[in-house]
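Letter by letter, the chains look like this.
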Amino acid sequence: MNLHEYQARALLKTAGIPMPDGDVASTPTEAESIARRLGGTVVIKAQVHAGGRGKAGGVKLARNPGEALDHAAEILGMSIKGLEVHKVLVVPAADIASESYLGLIMDRESQKPVFMVSSAGGIDIEEVAAKTPEKILRLPVDPTYGLLPHQALTLAFALYRDFNQVKAAARIMEQLYTVFTSNGCSLAEINPLVTTPAGQVLALDAKVVIDDNELFWRPDLGLLRDDTAEEPSEAAARRANLSFIKLEGNVGCVVNGAGLAMATMDLVKYYGGEPANFLDIGGSSNPEKVVSALKIITSDPNVKAILFNIFGGITRTDDVANGIVAATRQFKVKVPIVIRLTGTNEAEAIKILEAVGMRALSDMDQAVEQVVRLAREAA
Amino acid sequence: MSIFIDRNTRLVVQGITGREGAFHTRQMLEYGTGVVAGVTPGKGGQQFESRVPIFNTVADAVRATQANCSVIYVPPMAAAGAIFEAADAGVPLIVCITEGIPVMHMSRVMPFVRSRGARLIGPNCPGLITPGQSKVGIIPGNICAPGRVGLVSRSGTLTYEVVNHLTRSDIGQSTCVGIGGDPIIGTDFIDCLRAFQDDPGTDAIVVIGEIGGTDEQNAAAFVKEKVTKPVVGFIAGQTAPKGRRMGHAGAIISGSSGTAEEKLAAFKAAGISIMRRPADVVELLRKRM
Chain A
1 MNLHEYQARA
11 LLKTAGIPMP
21 DGDVASTPTE
31 AESIARRLGG
41 TVVIKAQVHA
51 GGRGKAGGVK
61 LARNPGEALD
71 HAAEILGMSI
81 KGLEVHKVLV
91 VPAADIASES
101 YLGLIMDRES
111 QKPVFMVSSA
121 GGIDIEEVAA
131 KTPEKILRLP
141 VDPTYGLLPH
151 QALTLAFALY
161 RDFNQVKAAA
171 RIMEQLYTVF
181 TSNGCSLAEI
191 NPLVTTPAGQ
201 VLALDAKVVI
211 DDNELFWRPD
221 LGLLRDDTAE
231 EPSEAAARRA
241 NLSFIKLEGN
251 VGCVVNGAGL
261 AMATMDLVKY
271 YGGEPANFLD
281 IGGSSNPEKV
291 VSALKIITSD
301 PNVKAILFNI
311 FGGITRTDDV
321 ANGIVAATRQ
331 FKVKVPIVIR
341 LTGTNEAEAI
351 KILEAVGMRA
361 LSDMDQAVEQ
371 VVRLAREAA
Chain B
380 MSIFIDRNTR
390 LVVQGITGRE
400 GAFHTRQMLE
410 YGTGVVAGVT
420 PGKGGQQFES
430 RVPIFNTVAD
440 AVRATQANCS
450 VIYVPPMAAA
460 GAIFEAADAG
470 VPLIVCITEG
480 IPVMHMSRVM
490 PFVRSRGARL
500 IGPNCPGLIT
510 PGQSKVGIIP
520 GNICAPGRVG
530 LVSRSGTLTY
540 EVVNHLTRSD
550 IGQSTCVGIG
560 GDPIIGTDFI
570 DCLRAFQDDP
580 GTDAIVVIGE
590 IGGTDEQNAA
600 AFVKEKVTKP
610 VVGFIAGQTA
620 PKGRRMGHAG
630 AIISGSSGTA
640 EEKLAAFKAA
650 GISIMRRPAD
660 VVELLRKRM
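Line order of the protein sequences matches chains A and B. By my numbering, the letter at position 98 of the first sequence is numbered 98, and the numbering carries on one by one without gaps. By my numbering, the letter at position 225 of the second sequence is numbered 604, and the numbering carries on one by one without gaps.
Derived from the structure by calculation, the hints contain no laboratory data. There's no promise every hint is true.
Derived DEER-like restraints, expressed as beta-carbon distance ranges [stated by the list, open to error]:
(1) N597/B <-> S362/A: 50 to 58 Å
(2) R138/A <-> I653/B: 28 to 36 Å
(3) K605/B <-> F331/A: 51 to 59 Å
(4) D300/A <-> G580/B: 44 to 52 Å
(5) R359/A <-> G580/B: 37 to 45 Å
(6) R495/B <-> R239/A: 37 to 45 Å
(7) Y271/A <-> R547/B: 14 to 22 Å
Where a beta carbon is used, it is the ideal one built from N, C-alpha and C, also for glycine.
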């Protein structure tokens, strides 16, 4: 789960990481009063889950409260990469002497949290990592012992020469590690970490991603989720416990299992079609889930045909068949449905479908070819 | 022959009285797996289906039954603890089916598992099966057949799809291993490739990967250097968008790394025959064997 910058800032601030004051606003007048309280020049920053906010016009400098009002009015409600801006962050414009990058990720290869620091900050760290990996210091942390003092110092010395700044940065490393482990993050990033002309070390921007698996026992973090920042169909799918991602094509896909769901999308493409979505109904057999899945997929006007691809293991194919029948009774599905199912309770499933005049195929290739053809004919 | 499990495997089921644990224990018993014990704290002394003794702790189960493999069906909040417990009890092979364990927990589990010299398979995996001998986990036994092709995969139902093609074409399997779709897993492709390469009962290997991470690239490098048996591979997620988690916590393309193209290129460079669709597995194996 991605956090907005203002939410990430709050976590960092709680841990004691020095950052300029600032506040979040939902209306231009709120932005104006925050700017007045802060005094001086402020930055108005769109709060959306999209990179390239600056280029899209979502980050603006305001020299006085009046300009803050105007810029906030422009930014609030604008659309950045298809996402509407509902909130802006108002922070004082800092005087910057140097910019660095500081990030902590859960690294799958070393199976540990890994610090990445670079004095080439403020820019795209992935680009630096790809082109000049020697400019990034990577340091894995053993979670059994946590970040050790000498490790924090090593990281800080990679950024600064002035020992006061080194000490300040080392403290920030420790605080960021605490943020990371105490909130179940998969990423915690400060970019840029700056020094001011007066020599202060400050975090100017923060990015935090929470491991979705943590949310189960951290409902407090779950409350930070911004439903309005998501594709409405994806938010609906999440509430129905479905793993769903909307895509641009016209072949709707309902599949059990993430790997098979991806392979199904790939096969749609292989036969000349374009998948409309990724959807994994999961392992449990629950007719209700199938009904929700069909509702979500049919609400996409692009969808011209729907494919069910179910390989029964834990999932019972008769439950899926019951779900399909229940859904078509609850609401009219206007596009053709192609059903492929095989595995657990296949014979019962076929009977259930045939009783209402539906057919089921047992071969995945055959089913995908058919659904791609139907979608093309309907388009 | 086979890898990791066979007819001598003595299995303890952690969470044997839970809904999932009970259901799959029945399936494993039916398949012929040597289920020697179950563990549910507080239910020690009882019997599962009047045939499997239940213990309060894994250590008790191991002492009484000499179990040498454990399978975990406990909910995510207790799963990391269950892995610690099995490793601490000296179980050499631990298979964790549970989905939804926080990655942070796994980063603490792994050093402990290694320090005890145990092998962990999973978490968030379907387990493994040596057809005709033993199944540990949830892979449906009826789609598998004994034979000489080894299979290793990051996914569940996609594995079934591929295995089904093999079995229907009379290509049996030595062992099928689902290593799991999480970012931190106990056993990776290389561990399985090494075991299959060393297994005299395996003639060819099928590798089923997906987008995200660099595990498949590392596997390809290992194949190039160390594997003399024919290898056939598949990568799921060629149509996946960047930056989105495709169901599995590990299936995410970050920036330009972890893409299907990158992985397929690595496979190609290593001489791995590439399946463009799951059904291709039969023809490619026939060509290479």
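So, going through the hints one by one against the coordinates:
no.	hint	result
1	N597/B <-> S362/A: 50 to 58 Å	violated, 36 Å
2	R138/A <-> I653/B: 28 to 36 Å	holds, 32 Å
3	K605/B <-> F331/A: 51 to 59 Å	holds, 56 Å
4	D300/A <-> G580/B: 44 to 52 Å	holds, 49 Å
5	R359/A <-> G580/B: 37 to 45 Å	holds, 41 Å
6	R495/B <-> R239/A: 37 to 45 Å	holds, 41 Å
7	Y271/A <-> R547/B: 14 to 22 Å	holds, 21 Å
In terms of the numbered hints stated before, the structure departs from hint 1 and from no other.
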